[in-house]
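> Listed here are the chains, written in short residue letters.
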Amino acid sequence: MTETVKIKVDGRELEAPKGKLLIEVCLENGIDIPNFCYYPDLTPQAACRMCLVRIERMPKLATSCTVQVQDGMVVTTQSEEVLEARKGMLDLILGNHPLDCPICDKGGQCELQDQVFAHGTVYGRYEVKKNDTREWRLSPFIAYDPQRCVRCYRCIRVCDEVMDVHALGRIFRGAKEVIGPYGIDKGYSLDCEQCGYCVEVCPVGALLSVDSRFRSRPWDMRETITTCQHCADGCQMRLGTRGSQYVRVASKDLKGINGEFLCIKGRYGSSYISSEERLDNPYLRKDGKLVEVGWEEAIKYVAARLKAISAEDRDAVAVLGSPRLTNEAAFALASFARKGLKTSNYGQIADVDLTRFFANLTAPLATHAEVKKAETIFMLGGDPTENNPLSAMVIRYAVRKNGARLLMVNSRRTKIARRQAEMFLHIRRGAEPAVLAALIDSDENAARYAELAKVKPEQLRRLGKAISDSKRLLVVIGPEVNGATLEVAARFAALLKSDSREVKYLILPPYNNSVGTLDMGLRPNGHELKSLFGTKIKALYLAGSNPVEQYGNSWKEALSKLDLLVVADLFMTETAQLADVVFPVNSFAELDGTYTNAVGQVQRVNRALEGTGRTRPDWMIINMLAKEMGLEFGARGSAASIFRDIASEIPAYSGISYDRLRKEWAIQTERKISTTAEQPDALLSALKGEIAKIDLSLDLDREPVRQGSGLFRLGTLTSRVAVMREAFKAKEQVEEATGVR
Amino acid sequence: MAETKILTARFDLPNSTSIDTYLKTGGYQALEKALKMTQEEIIEEVKKSALRGRGGAGFPTGLKWSFVPRSSPKPKYLVCNADESEPGTCKDRYLMEKDPHQLIEGMIISAYAIGANLSFIYIRGEYWYLIAVLEKAIEEARARGYLGKNILGSKFELDIIVHPGAGAYICGEETALLESLEGKRGHPRIKPPFPAVVGLYGCPTLVNNVETLSAVPHIILKGGDWYRQLGTEKSGGTKMFSLSGHVNRPGNYEVRMGYPLMQLINEEGGGIRDGKKLKAVIPGGSSVPIINAEEAARCNLDYESCQSVGTMLASGGVIVMDETTDIFETTFNLIKFYKHESCGWCTPCREGTDWLVKLFKKIKSGSGTQADLELIERLCVNIEGRSHCPLGEAAVLPITSAMKRFPEDFTKRVRKTLPVLQPA
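Protein chains in written order, with my numbering: chain A, 1 to 741; chain B, 1 to 424.
Calculated from the structure, these hints are not laboratory results.
Certain hints may be false.
As the list claims (entries may be wrong) - Below are the DSS-like pairs computed for lysine-lysine, each with C-alpha atoms no more than 30 Å apart in a straight line:
id, chain 1, residue 1, chain 2, residue 2
1, B, Lys36, A, Lys130
2, B, Lys416, A, Lys130
3, B, Lys191, A, Lys18
4, B, Lys362, A, Lys87
5, B, Lys184, A, Lys186
6, B, Lys336, A, Lys186
7, A, Lys129, B, Lys234
8, A, Lys176, B, Lys74
9, B, Lys404, A, Lys60
10, B, Lys361, A, Lys129
11, A, Lys130, B, Lys412
12, B, Lys362, A, Lys129
13, A, Lys176, B, Lys136
14, A, Lys60, B, Lys336
15, A, Lys130, B, Lys404
16, A, Lys129, B, Lys336
17, A, Lys129, B, Lys404
18, A, Lys87, B, Lys364
19, A, Lys401, B, Lys184
20, B, Lys191, A, Lys401
21, B, Lys191, A, Lys60
22, B, Lys336, A, Lys176
23, B, Lys184, A, Lys176
24, B, Lys74, A, Lys87
25, A, Lys18, B, Lys74
26, A, Lys465, B, Lys74
27, A, Lys8, B, Lys191
28, B, Lys416, A, Lys87
This structure is a prediction, so every number in the text was calculated from the model and none was measured.
Take the sequences, apply the hints, and build the full model.
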């Protein structure tokens, strides 16, 4: 292991691992060293020169962000010489920095302000004009004011190293240098994922988010740490609100599962909570038209109709939730259906049946922190860059920092396949079961599987060899792996596990609470139930889903066959427009609750806004309905008490409480892991049907996956985010008109 | 004493760039000798010669060579730094223009000494007309078996690639040069690691100046001791000086190390123009402190003597200024250059040079005050020793030295300021 060295800083003896950066040793030991260009995990720059210290036997002041500690090093960080040098740097930076702090969004959270405050008067008294440059709009999301820029290049490095997007660079030279995309002077805009990470790491107000600029001072805003509700990664974020309005999302200094990472949807995709389009009152269909009514009338109407339909046949009432609901809402919905309505027709609309995965799981799920330390990663399908950006980030991290081997099997040329994969098997669409079978079956059948997958037998052999060579294996399963293949994928680890090989899983489900709502008992049977609409099923209570937007006409037709459709949602969605009654619900920002992310971690959703008072959380609407109908299902009066029920009824959640979540942030639920020995033959025969479905007429999809194909897609929520709608609507129209995607 | 023509011996021969001329005058004999020596012997010979880097830093060449880890499994590279951009310096240009084979032979020997099989000449973009000269010479050398595989039957392999820069002064700094050569924006790397260990494409790389490499064949052929005795104890051999400014015969002159500066000006340079008096000399290219006539009289052209009068030998660009020169203007001209060439990477150099220019402009416009001069001094302190690479320092040295040695040229341009109330 690395040896420990002793160094002396300002007379204090410190121990540190040899080769660690001096600034990191100092900061960890509470010795403050000012810095701009240093940033944890990014390559050192030595550009800002704020971290200069005196090291004995070195001719000049040294940058502590580049010096690696060595035994016997004697460092001074507080002498007059050092302080004078820091003041000097501040003087130079402030020289051209506009002192527009009163209108700067960073004012109060600015690292430059903090440093100037800490170091007192700087001596500059330039009586010459500052350089002035105009502001650039780098993209619809990101604005750049070069004059405020301290040229620390954190932005460039997060873009290069963490995001692997490389959209930013240094343009021009010397005092004219700015950061930006190539061709900034020609008006080129940032060609990137628009994640806004560059804005987050900017120490000053040079890079700012367009959507939140000039809307609030940092201290004038209330910030609530909560869980993002876009994808199944479950990033933590700081939701800034002012009065009753959304202001921004930030992630600075967060220590959750994602650190400071957020994607475009995490950072910019939440402003719909303050959208003008939000429903504010229940709607009831009168004379064929939906009109606003009071809660009492709506609840009474629904209760009476449900009661009547249920009296004839309990199973004629169906309840469908959404993978976006909180655990509490999903649990209340499932309990209401099971214990209150006593219907067997309840669940959620989902494309992937993850129950088959969890029921057959043979290895634990890896947390994102564990993914970062992975040694070998085998990815069967999935495009996390576009759909699960945090998972993509940690996979990239494992490759970049630990040199993890990435073995990728995918029918599409995803970005990770192009950039990070050591081995990429570009397969025919739907041929995942053939690859899985090849890994299980003996070598003599390799040629047949290779033909099915449209790869070379040698490639399959190399993949098998790399997997069997691994010590710590992470198996990533994409959403295109479904049905029996998903089941076999879950059982696959049993064949690989050994004393010398640890195996873990990572799945990439599409929604924020795909896993949690499943745990709460909402089975993914929505598409099956749909076929019963109008026949067996007469009434549907639909919470938080918009199948008409997602699946189009087939659902529209099916829903129109119902006698009663009740929709609880945030907006008058395409589906809600068909409803007899629409209930306005609270957004994730207006309620307490929990989500369970893809890796099974439970995290809190914290109430950041009061809401208008006329919307209700989903579980509360259920309670009101049940009360009106005179049904008893164990209703609870708060999210916390519902969660207590969850903890006592669902084994994976036992022992978890809001109290613990407040202290531990993310608690991984324990999944049942099957320990029965698997026989390869059994797995192969399970795959037979799926292999037969492979369409051999399909050629390889050679088109690379375009940046933004998932991230920039406008859905029910994101189409209500003004900045995203404006940025991507035009693009979508062009794509539709030209057919080029 | 007069010129000692070692490097420049072939300059006056007709058709001096041709390999035939070169071979007729003892060319490639050093290579034949070197290929029979071991790598250690060659490095030892260079160490003995007391040859020091001619690019400006004056680092002992043999020592630099010995830093290259020859046992490393990675490929090694030799890069010839021909990005001659130091104002006042034009010696490398002549060496390449008049005697390219001397450089190529030096490169082959050096590459052999460190075990490199590929080498580059990173040539200043403005020297486009020299690229053809070099490439023709490389072609000739390849045709005669001095380059390519199995050079002179020794199984040693080497090729040379000429790569032009794009006009940035900073790319003469060896790590910025490597960045540029790799196709990236040229800004200096963090040191350590030094290029000898982690250089081009992360591999051990030796970067030497044109003049340094051109001296190598002579050292190998006639011995390190012979070369050393041409100069002083610590600065061996001869060096080319680019004499410019207010002299009667400006030009490149090759003299022994330790040659008196005034003798160069008065004998080789034919004295100050129009019989005027000497006012100041910049002896080593624009990046070194300026000295006055009295110091120039005590200064010999070697590293130690220059240091003793508070300046540096550096690249050997001797800029001579007579009594009519306004040192304020000289300094202003230089700082404008450094501001223009600052890469923008680090705070002190980027912002500092910009403010220096602004303050000089203010003073030149006549509205300068004593406080502005103090601010300039302060800025210099703030830049010196705190910048990422030597460019910041190079920008400051001419200013601080000029203000110290010729204060009246500055003070006469500014008004006295009333004392300003200082904040507590």
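> For a C-alpha distance cap of 30 Å, please report whether Lys74 of chain B and Lys87 of chain A respect it.
Answer violated: Lys74 of chain B to Lys87 of chain A is near 44 Å, above 30 Å.
> When you check the alpha-carbon spacing of Lys130 of chain A and Lys404 of chain B, does it fall within 30 Å?
holds (28 Å)
> Verify the proposed pairing of Lys404 of chain B with Lys60 of chain A, using a straight-line Cα cut of 30 Å.
holds (22 Å)
> Check whether the Cα positions of Lys191 of chain B and Lys18 of chain A lie no farther apart than 30 Å.
Holds - the C-alpha atoms of Lys18 of chain A and Lys191 of chain B are around 18 Å apart, at most 30 Å.
> Run the distance test for Lys87 of chain A versus Lys364 of chain B: straight-line Cα separation, threshold 30 Å.
holds (28 Å)
> Given the hint that Lys184 of chain B pairs with Lys186 of chain A, does the C-alpha gap stay at or below 30 Å?
holds (21 Å)
> Between the alpha carbons of Lys362 of chain B and Lys129 of chain A, is the straight-line distance 30 Å or under?
holds (10 Å)
> Would you mind confirming whether the straight-line C-alpha gap from Lys336 of chain B to Lys176 of chain A stays at or under 30 Å?
It holds: about 14 Å lies between the C-alpha atoms, which stays within 30 Å.
> Holds or violated: are the alpha carbons of Lys361 of chain B and Lys129 of chain A at most 30 Å from each other?
holds (12 Å)
> Is Lys465 of chain A within 30 Å of Lys74 of chain B, Cα to Cα?
holds (28 Å)
> Just to be careful, I want the Cα atoms of Lys130 of chain A and Lys412 of chain B compared with a cutoff of 30 Å; is the pair within it?
At roughly 26 Å apart (the allowed maximum being 30 Å), Lys412 of chain B and Lys130 of chain A satisfy the hint.
> Assess, step by step, whether the Cα of Lys129 of chain A is no farther than 30 Å from the Cα of Lys336 of chain B, and give holds or violated.
holds (17 Å)
In this structure, the hints that do not hold are numbers 1, 7, 8, 13, 24, in rising order.
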